[in-house]
Each structure stands twice: as C-alpha cells, then as structure tokens.
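Novice: Got chain W sorted already, so can you dock chains L and B onto it with the hints?
Chains as they are written, first to last, in our numbering: chain W, 83 to 743; chain L, 81 to 287; chain B, 306 to 600.
Mixed in with the good hints there might be a few duds.
What the hints assert, rightly or not - Residues from chain W shown here face chain L by an in silico Cβ test under 10 Å; the list is partial:
no.	residue
1	173
2	299
3	329
4	342
5	718
What the hints assert, rightly or not - Covered stretches of chain L (chain W as the covering partner; in silico rule of three or more C-beta atoms under 8 Å from a C-beta of chain W):
no.	segment
6	112-118
7	126-134
8	195-201
9	217-227
10	239-250
Said to hold, decoys possible - No farther apart than 30 Å at their CA atoms in a straight line, the calculated lysine-lysine pairs in the BS3-like style are these:
no.	chain 1	residue 1	chain 2	residue 2
11	W	658	B	383
12	W	730	W	673
13	W	540	B	383
If you're looking for bench data, these hints aren't it; they were derived computationally from the structure.
Note that the Cβ used here is the ideal one computed from N, Cα and C, for glycine as well.
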Amino acid sequence: MFGSLFGRFNQGNVFPDSKITASAAIGIVVLIVVVLSLITITRRWKWLWNEWLTTTNHKKIGVMYIIVAIVMLLRGASDAAMVRLQQATSVGVHHGFMSASMFQQVVSAHGTIMIFFAAMGLMFGLINLVLPLQIGTRDVAFPFVNATSFWLFAAGALLINVSLGLGDFSGAGWLAYPPLSELKYSPTTGVDYWIWSLQIAGIGSLMSGINFITTIMKERARGMSLMKMPLFSWSVLGSMLLVAFAFPILTVTLTLLALDRTLGMHFFTAGGGGNAMMYVNLIWAWGHPEVYILVLPAFGIFSEVVSTFSSKRLFGYKSMVWAIMAITVLSYSVWLHHFFTMGASSNVNAVFGIATMLIAIPTGVKIFNWLFTMYRGRIRFASPMIWFMGFVFLFTMGGVAGVLLAVPAIDFQLHNSLFLVAHFHTMIVSGVLFGYFAGLTYWFPKVFGYRLNERLGKYAAYLWIVGFVLAFGPLYILGLMGATRRLDHYSAATGWHVMFIAAGIGGAVIACGIGVQIIQVIYSYLKRDSTRDITGDPWNARSLEWSTASPAPFYNFAALPVVSSRDAFWEMKHAKKRPEIPELEPLHLPKNTPAGLFIATFAFLFGFGMIWHLWWLALIGVLGIIMTVLIRVTSGEHEETISVKQLKEVEASLTNWRDYA
Amino acid sequence: MSEVETAVITKVTRQTEQHEADNKTLFGFWVYLMTDCVLFASLFATFAVLHSNTFGGPTAHSLFSLPYALAETLILLVSSFTCGLMILSAQNKAKRLVLIWLGITFILGAAFLTLEIREFSDFVSRGDSWRRSGFLSSYFTLVATHGLHITMGLLWILTMGYQVLKRGLTRITIRQLTLMSLFWHFLDLIWIFIFSVVYLISGGLNI
Amino acid sequence: MRRKRKILILVAAILIVFGLLSYYLSNNSVPVLSPSGLVATKQKQLMILALALAAIVVLPVYSLTIIIALKYRETNRKAKYDPDWDHSRVLETIWWLVPMAIILVLSVITWKSSHSLNPYKPLASSGKTLNVEVVALDWKWLFIYPQQGVASVNRLEMPVSTPVHFYITSDTVMNSFWIPALAGQIYAMPGMTTQLNLEANKIGTFAGSSANISGEGFAGMTFSAVSAPLYKFNEWLAQAKSSTNSLSVAMYQQLARPSQYNPVAYYKQPVNGLFNAIINRYMMPNQSLASGVQM
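Extracted from the complex, chain W is given alone in its bound form (with noise of 0.2 Å):
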C-alpha cells in the first residue's frame, strides 16, 4: 500500500554508480545553487520574475529559448567529448573509462539532446526572435502559447538531465528502436526519461509549429503578398508546415512506447502480437522530416545572409520558394530510406530511393542560386559568410553521401556503419549547426544593440570547419573499414585505432571552435560601448527586422510597416522619397502571465510522475495542467494598451532609421 507511493524509487539502484555521472550531476546541482543564489543576493527575483518568467514577448522568449539551447549544446557536446575519448583508447585489452552501458547511455544522450534541445531550441529560439520583426508584426498569433511552448521545451530539457543524477538514461541509441526499448530489455527508468522529456519538449513543438503557421498566414505586414515574404519567412513556414504534419506521429509513438512500459501493451514488442517494425516506421516518418525542420530555416537563414553581403538581390527568388515547397512535400516520402535493410521488397525499395533522391533536385537548386546571388555582388566576407562557405563545402561532400545512402544496394554496405553517422553529422553540423550560428551572428545586434566581435566569429568558424574535416573525414574512412556506430570497444586487429584518435584531434579542434564562440559573447559583452548598432541596420541589410532601432523595441514596430517589394527595407532606405511619418496609435499588446510556466511545472512533474512510477504526482501534473488552463481562459482581458503618449516617450530614446518621437 504505502509503497506504491514511492514508486520505482523502492527498487533501490536510484542514484548512478558511475562517478562521472554522478559527478556532473553534482555540478549541476551546484550551479543551479549558485546561480540562484546569485539571483537572491543580487536581488534580481522580481525582476527575473516580471522581465523574463512571465513574459509573452517573442524576443524574450527567443532569448530563453537560446540560452537553454546552448546549455544543452554544451551538454551534448561533453557528451561528444566522452565518447571520442572511449573509442580513441577503448581497443584491445584496454577498455575505456566508461562500461558499455554507460557509454550506450552517452550516446543515446547526445543524439537526444543535440536534436530535441540543441538544434530545436536554437531554431525556435532563432524563429521567435526574427520572424514577427521580418514580416513587420508586433508578436506572433498565440503570444501565451509561444510562452508556454518555451517552458514546455525547458521543463523537457530539465528533465532529461535529472536522468543524471536520479536513475539512469536510455541506452537503447537516441530513437530507442524497440524491443530494446521495451520494459523486457530496458527495465530500469532510462527509456521512460527518454519517452518523457521528448513527449513534453514535443508537444511545446507542436504548439510553436501551430503558432506560427498562423503568425505567417495571418500575421504579415500590410502589402507583404506570400510572394514578396523574404525568404527565411519561407523556410520558417515550410519547416512548421512539417511540424504540425509530423509531431503528431511523434506524440503517438512516444505515447505508444510508454503504453508498452507502463500498461503493458503490445505495440512494439518481441510477441504478444506487437510489431517493432512498426515503430521503426512511425518513429522515421516523424524521423526524416524533423530533418528539413532543422534544416529549412537554415537555408532560409543563408538565404539572408548571402543576400545580405552580397549586397544583391537574392537570385532566383521564385526558384527558392518553389524548392522550399518541393522539399517540404518530399520530405514526408522518403522515410522508408532509413531502414533499407529491413527486407522490404526491391519494388518498396527502389521507390524510395529514387523519391530520396529527387529531394537533392531544390536542394542543388538552392546551391546555385546562392551562388549566382554572390555573382556581380560586393562580398563581404563577414563571420556569417565564413559559415556559409563552410556550409557550401561540407554540405555539398555530406550530399554525395546521401546520394550513396539513397541507393538501397549501396545503403546495405553503408547502413548503421560510421559512414552514415559521418554523412548526418555533416548535413546536420555544416547545414543545420553553420547556418544557426550564423543566424545568431547576424541577428546578435537586433536584439541585444551591440554587435559580436568579428575576429573571434572568424576564428571559431575556422577552428570549427577543420575540426570538422579532421574530425568526421575520419568516420567516413572507418565506415568503408567495417566500423558500425555506438561501439564502445574494438579489437585492435582491425586497425581503427588510428582513425579514432584522428577523430578525437577533430573533436578536440571543435572544442577549441566552442570556446573561442564562448570568449567571443564574453568579450563582445565587455566591449559593447564600441560596437553599438545606432543605426538599426549594422549589416546595410534588407528586410524588415533592420528597419527598427537596436535593439528593437517591445512593441517592434512604433506603427506598422507597409510594403510594396519584396526587398521592404532596401526599398524604403533607396525610395527617392523618404515616406510619410504616419500617424502614432495606441498600442494593443498582451499581458505577462505566469500561465506557461506553471503549465510547464505541473508537465514536469507529471513526467517525472509517470518516469518514477509515481501515480500521484502524475496525476497532480494532469489536474494542475487542466487547472491552469482552465482558469487562464476563463479569466478576463489579456492585452494592455500602450498610450501614444508612452510610445512617444520609448520613441524618444531609441535611435532609429526612422524618427517618430
């Protein structure tokens, strides 16, 4: 009876045995001590509280968004770090400082968290920070839902790291293929983490994919036709367009999976009349899209910045929506190609493979039309240019891959070996990773008013290409010798070892690259007094979001932007006439509320209910959800109205392209 309060907590074996989990668990726990406590000395609760935990602002929220993100990259990265270490000296008679478990468990993590928390948080914090300024709107459709979306990401994010220190995590790779996932080859709380952090991340997801499907439809600024959107605008609704179509399946399958393990059905498992090939299958047709969700804002993001340094207008502008378009619908075609070796017929096999590879026609396209907009432009080689040229070269070599992995023969020599592991690093690194630094780059003085040092940028770009070569080249050679992914040891007759420790020097480079980004925001931050953006526009950009001061104030836009081009701003800064100041309006913006996070925290202890066995607590979580929501709609007005006298005063203190005060 009283038992079952406690849950999986009675079965013992709840903290890590490992010292170096339980360690960084320790250091976790030790700088959550610290920095709250810096928040009590400095007094800083109620701020926090009013500027940043309640807050429906997209810029903020994309702030939070990327902060957490880069906390995750770096745990993702250690987690990196951990695993070239092992396979660089775990050969022969020696075996590594970690077990086999343990470094399943690393590898499991990193994938993990470098997909769910890394790459999404930086792309929706990146989309949160841009997309209303770019198509001139004050914030996105649902501002309380793009809140909750955010504490939903971070309570997930929380979660999977308490898997440091309570209980283990999923050893079973990072889309935990069943029956291995299954409570019969898994039994302790690592895959319920696993289920739990990315079920509650993915449903924030859903939620964002939803809002700003409609912030683009619904949202634009007065003259902007879906044809004269800029094209990161594109990629954003593209990319949301497949989150809305392929979260769901994730939300089912997950949901599936912890049936399976917590009620004991039979979805996925090894009899009982389950069916894994099933899982395979749903968790890819989520699986391959969620690549060109990552993916497509970056190519909308290199599409700016080529653009924008170019000082040229962007070539082919038409051809770009329409392969931005074509990708997007391809890419729900083409699932099966993860798992040729399945058996599958010739026929199955065949046809997904030639539907694999048409997805390299837009994205060709796309290449060349970058190229041509360089064509007769200005190029300046700022750092965001250095990742595109960095992007050209690896994603183009990481494309050729794919066209051999595309080929269901070839893909039985190359499947599951360090071939395909080098291949999606470099589409996901060199397109995924490149194009969101330089996003961050470019975007850096929109929202903080200074600009990144640009030698330090130049120099982490660098370090990070050749630490890339010299780390995946590698891989790629260790695939055609035999070498299979997640192996924590090998025999020393096979000759890898070589290999391996190239591998680790990359990784080591990388992490120089990672620590001059990180000495770059430190210093910049120290010597922002002599990289003010005053202008609003530091890059002679093109696009809306540049047509407001620097940082761009609350409101975004003092009255909104009308367009008639494509190019709004190149436009407005080259018109002959300069345009009418128009007339100054009360402003309508939402409320702060504390709604989301306390959603986020009921989800986080339902998670943490469900992962543990503890009933009670999940169902707390469940009934705390349907509370807060419950009263949020019921109650009274959201938005608070800005005075024109108020504007007029925020007005007066910013400097702007254009004076309104």
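Specialist: This is chains L and B only, laid out in the frame that chain W set:
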C-alpha cells in the same frame, strides 16, 4: 484632426483588430484540428497494422457488437446536431437556448462516454484487456484516445456553460463557443471513422 | 609572393595528408572498397558509378564557389557589380534540368540494382547452395547448418565460390547481420525471418558483426566469416561434428542466456526445426521451444 474623429478612428481600428483576432484564432484552431487529424491517422495506421495480430486472443469479429457501437454512433451524431443548434442560438443571442442546448449536448456526450467505458470494462472483465494482444492494445488506444478527447470536450462544455452564465454572449464567449462546436463536430467525424474502420470493416458486418 | 607561399603550403599539406592516408589504407583492410565477395564487389562498383555521377554537379559547385568568392570579394573593385540582377531564365532552367537528368539516370540505376542486388534473391550458380540459419542472441551469433547437422557460435565457415543462402532471425532484440567484405547487411528481428545471399570469391577470414545496437554486449558481437576451399570446409564440418556438445533444446536455452565476448564454440546434431521453433515462440502464447522442435 479633432479628438472625436481620433476616437472614432481608434474605435474602428480596435474593431478591425478584434475581427482579425477572431479570424486568427479560428485559423489557428483549424491548424490544430489538422494536427489532431494526423494524430488520429497515426493511430488508425497502427490499428490497421495490428488488427490481425490477435496472438491467440479474441478477433475483432468475435469481440464487437455492432448494435452497441451503432447506438454510440447515433448518440454522438445527435449531440453534434444539438451542438449545431446551440451555435445557431448563440448567433441569435438567445442565451437561455444556448444553455439548454449546451446541457443537452453535455448529457449526450456523457452518455456516449458511459457506454464506451462500459464496453471497455466489459472486455477487461472477460480477460480481453489491452495486455492480451497487439490487436487489443491498438483497439483500446485508438478508441480511448477519442474518448479522452470527448472528456476534454465535456470539460469544455462545462466551462462554456459557466462563462455564458457569468458573462453572457459576448464576442469572446461566442468565439469560444464556435471553436468548441468545431471541436465537437470534429470528434464526431473521427468517431464515424472509428465506427467504420474498427467496428464495421474490422469487426465484420454481422448485425 | 606571400599568397603563392600560402598556396604552396596548402598543396603540400594536402599531399602529405593524402600520402599518409593512402599508406594507412594500404596497410589495413577496407572491406567495403576491397571486397572479397560477389555481391560486395557489385555494390562497390555501384558506389563508384554513383560517385562519378554526383561529381557532375559537385565539381562545378566547388569550382564556381571558389571562383565567385575570389572574384566578387568586396575589395576587388574591378569586378562588375549588378545589385538588381536577380533572375535568369536560362541559368535557372539549367540548374533545374541538369540535376534532374542526373537523378533520372541514377533512378534507373537504383531501380535496376535494387532488383538485381536484392539480398533475398538467390545467386545463380552451377553448384549447390549452402543454407545457413543465423540466430542473433544476447550477445553472440549462432549459425546452424541444417543439412550438415552442425552448429557454431561466432564462427561462420563456408566454401569459397559457393553461394550461401542465410535465413536470419533473432531470439532477442533487433540486430543487423553484416560481413562487409562479402555483402551488405540485413536486420535480424525476433519472430521474423530475413534472408541474405552471398558468395565469397576469395579465400580468407573476414570480419562480421552486428551493426545495430542491441544492449550491453553489443560491441562484442563480432564473428569471423571464413571462406575456405571445399576440402577445408569439409574438414571443419568433421571437426564440428566431433564436438562433445549437441545442440539440444536445453543446450540452446543455456546458450541463449546473455553473455559477452563469447569464444567460438561448436555443436553437433542441432535439434530439428530449432530455427522455426525460435521464431514461432513469438507468434503465439505459451509456445515452448520443446514443443516447437520436431523430435
């Protein structure tokens, strides 16, 4: 510009703003319904894959009673109808009628849910629970997910009743009533699919 | 002058890296690129063909990138600047159509090779085909030779230039059966049979492993695949048959218990129908192995 004129203009823009907000919410809700469609589609797909994986347990044919499912279907269909009448009354600003139709819709929804729970407990008491086979897992999950949505719908009806009572038929409550009825019709539609796929096709046409 | 030196250093560095790399690769086995089996050889040829086709797009991209980046850099004021030039029907048509044409060719290749290299398709041969049943266990491979009446753990022996037809399942989680020198991999899944056909055309010992994570002992799930002349293969069969252990149901159950880094072991007289009984256990409740095998 005189102050009166400014006030008039401000009021007009405020109204367009509100109209746009309604429009936006409705659009967002449609997108949400689309995502829910994908969610149910995935569950239908799992049912389609697993419906013959009975692992020696009961088959769909031996388990389901068509008249029972038909009764459930009819109740839900009628509730969709009463929900539609509710919206008509809301547009005519007939507060009492709205409350009455809301009440009837709630009762019908609750009746549907009761029938569903009875069916579930019946199966479980016979030993044919979700643990028995892949087929039963997918059956329970698909139908219960719909049931969970119905539960949420009932909760929503209750809050709407409370809001209409407290605030009357304002722009915001009418907007919420519209969304709620959309949701309810959507659940009805999903049920038609469940009825056809689970009870009719997979259960076999044995009346 | 400085630029010349920079380029020189770069070229030298690249040459050194390639030199070291080719030295390394020539001293180690790269089974995917230097295969010893019929199927793997065809897969390698296909890989090179696809690579060549991809190069038609990649080389222009790389050279264009370098040329454009150098020529249109901001400091080069001599280059033409045309800030509003944003469209060219001819150019865009080219880079829609050329990749399409390449993908069309690749599609044909994909379609044909998917059928000709279908792992389920038995290989044409004048001689007899060897059938081997493969069971993935925690964490080792069991190979049953039903016609020869022997079984082995973590060692696969086969005669050279003879087609081998594998029937593959798992009595645990999902694994993937892979001998890169001979042919591509295929998943091993509980309650299911997958198939793989290959033929070694060289004598030798090749590495095999599980390519899909399967739990704690996963890294140790390696085995040697030995292709030998027929007389050697027969000698090996005789050796296995003289093993003291016969693969009874009880012996199998003992073997199926989780264990790591298993040494090679041989069994005589594997009980009839064991492979199917292992699969059938996942199909219906209360199916014991003992009732499944044909006594």
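Novice: Against each hint, give a clear statement of whether it holds in the structure.
Specialist: Hints, one by one, checked against the model:
1. The criterion of a C-beta within 10 Å of any C-beta in chain L is not met by residue 173/W, whose closest approach is roughly 43 Å, and the hint is violated.
2. Checking residue 299/W against chain L by beta carbon gives a least distance of about 6 Å; that is within 10 Å, so the hint holds.
3. Satisfaction of the interface hint for residue 329/W is found here, the shortest Cβ-Cβ separation to chain L being roughly 7 Å, below the 10 Å cut-off.
4. Among the interface hints, the one on residue 342/W holds; its C-beta lies about 8 Å from the nearest C-beta in chain L, closer than the 10 Å criterion.
5. The interface hint given for residue 718/W is met, as the beta carbon of that residue sits about 9 Å from the closest beta carbon of chain L, less than 10 Å.
6. Evaluation of the coverage hint for the segment 112-118 of chain L: fulfilled, as 5 residues show C-beta separations to chain W shorter than 8 Å, against a requirement of three.
7. Under a criterion of three residues with beta carbons nearer than 8 Å to beta carbons of chain W, the stated coverage of the segment 126-134 of chain L is upheld, 5 such residues being counted.
8. Against chain W, the segment 195-201 of chain L contributes 0 residues with a C-beta closer than 8 Å to a partner C-beta. That does not satisfy the three-residue criterion, and the hint is violated.
9. Only residues whose beta carbon comes within less than 8 Å of a beta carbon in chain W count, and the segment 217-227 of chain L has 4; three or more means the coverage holds.
10. For the segment 239-250 of chain L, the proposed coverage by chain W is satisfied: 3 residues have a C-beta within less than 8 Å of a C-beta in that chain, meeting the threshold of three.
11. In summary, the hint linking residue 658/W to residue 383/B is supported, as the alpha carbons are separated by about 28 Å, within the 30 Å threshold.
12. Only pairs whose Cα atoms come within 30 Å are accepted, and residue 730/W paired with residue 673/W is accepted, the gap being roughly 20 Å.
13. Taking the CA atoms of residue 540/W and residue 383/B, the gap is near 26 Å; set against the 30 Å cutoff, the hint holds.
The structure shown violates the earlier hints numbered 1 and 8.
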